[in-house]
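Colleague: Sequence:
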Amino acid sequence: MKKFIWIDNWYIEEQAAWLSHMALQGWKLTKIGMFFATFEHCEPKQMTYRFDIYQLTSQSKIKWIESYEKSGWEHVGSRGAVQIFREKDNVETHEVLSDGEQLVRTVSLLKKDIMLRWLLILIQSIVVVVMMFVMLTGPVHIFLNDSLIAVVGVLFIMSLILFNMTLGLIHVSKLLKKVKSGYIFERKVNYKRKKKWKIVEVLIISVTLVIGLLLFLDKSIFAMPQAWLISIPEQELPIVYLKDTIDESKYIEIINNEGRGGFFTEKSSLLVPHYDQIIQRVEVPNVTWSDNRGTYTPVIFSEGYQARNVWVAKMLMNAVKKEYITDNYFFEYDEDSEFDELVINRRPSNIGFVARKGRFVYQVKYSGMEPIERIIELTLEKVPSE
11 MKKFIWIDNW
21 YIEEQAAWLS
31 HMALQGWKLT
41 KIGMFFATFE
51 HCEPKQMTYR
61 FDIYQLTSQS
71 KIKWIESYEK
81 SGWEHVGSRG
91 AVQIFREKDN
101 VETHEVLSDG
111 EQLVRTVSLL
121 KKDIMLRWLL
131 ILIQSIVVVV
141 MMFVMLTGPV
151 HIFLNDSLIA
161 VVGVLFIMSL
171 ILFNMTLGLI
181 HVSKLLKKVK
191 SGYIFERKVN
201 YKRKKKWKIV
211 EVLIISVTLV
221 IGLLLFLDKS
231 IFAMPQAWLI
241 SIPEQELPIV
251 YLKDTIDESK
261 YIEIINNEGR
271 GGFFTEKSSL
281 LVPHYDQIIQ
291 RVEVPNVTWS
301 DNRGTYTPVI
311 FSEGYQARNV
321 WVAKMLMNAV
331 KKEYITDNYF
341 FEYDEDSEFD
351 ELVINRRPSN
361 IGFVARKGRF
371 VYQVKYSGME
381 PIERIIELTL
391 EKVPSE
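Position one of the sequence shown corresponds to residue 11 (my numbering), numbered consecutively onward.
Restraint ranges, calculated between C-beta atoms of paired labels, are given here:
1. Leu213 - Tyr343: 41 to 49 Å
2. Arg384 - Val162: 38 to 46 Å
3. Lys188 - Glu53: 30 to 38 Å
4. Asn296 - Glu383: 23 to 31 Å
5. Trp207 - Glu246: 56 to 64 Å
If you are wondering where the hints come from, they were derived from the structure by calculation, not from laboratory data. Glycine included, every Cβ here is placed at the ideal spot set by N, Cα and C.
Generate coordinates for the entire structure from the input sequences, incorporating the hints supplied.
Modeller: The structure is reproduced here in structure tokens:
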């Protein structure tokens, strides 16, 4: 029978108690590794196990194990640096670690082993945190990029592992102090509390991974196709653009060096299931700017975000405002609008606004002869009814 080991390897006394309990139930340990233990059925009886901490090498392994074999112990496996021995059948056993200094050395090696792994996890966690802060430099970007969610999930799991290993370090440090004062390992301790905590830890990590997988599958199966910098589609779009302000038959798309007259972007993410962006510049023949500075060539930059819910939309709105509002002198907050939030930029050279209604967020920058109030009104008409 193979069983998963629900006790961390640094809980020496608890592991010994668990294995002895299994023997009383009629299961003798025959093989053990970092995560699994193999048992064979036997007559229920009291069976003793011993643990030592030693990094085995090819040169020292045989000699070191022989000392245990001569003392009546059989080496059944290891969990990292922790070596596990079982008393031989019908053979009188002797304590190998009867000397206090040997016990101190043993526990000190275990503490060093845990500390090295703890430092490794800590360094990896710091790297993940740095990655997360780098990603947060563009606040709006994180809502359209699912990689941040993955980073947060990884950081959460690593933090949980780090916390568990910290508990292990504290436990071994206390054990080391006891050993230095003459304490001998207790063979009959309650291992069930440590087992329950390990089950909870593994359950939390598993649930986190399953949620991440389900979110990924949901996005992969149901998310809209990604379209990046394509020509503006013919069908009606969910965000305001120049076609809403000018008769399409009366303007000409200004073609760029790539042979396109405008750009349209369509994306989706877990936090923003639908995102649209248009960058459009046109020329209206036979129409001049109001100040007679030449042929009328309006430009619009328009974005629309359909957030997962209102809570996400509010955070997104704050992020958009943070990027958009650079000088409060030209911005005004309209509290009487039909939008839940509306911030208008009246800078003469670049008018525009940021708005939110429910879970829909819009950002528009406009250069043209239409008043900004008209652009806001047209955007309001684009908001889906829910």
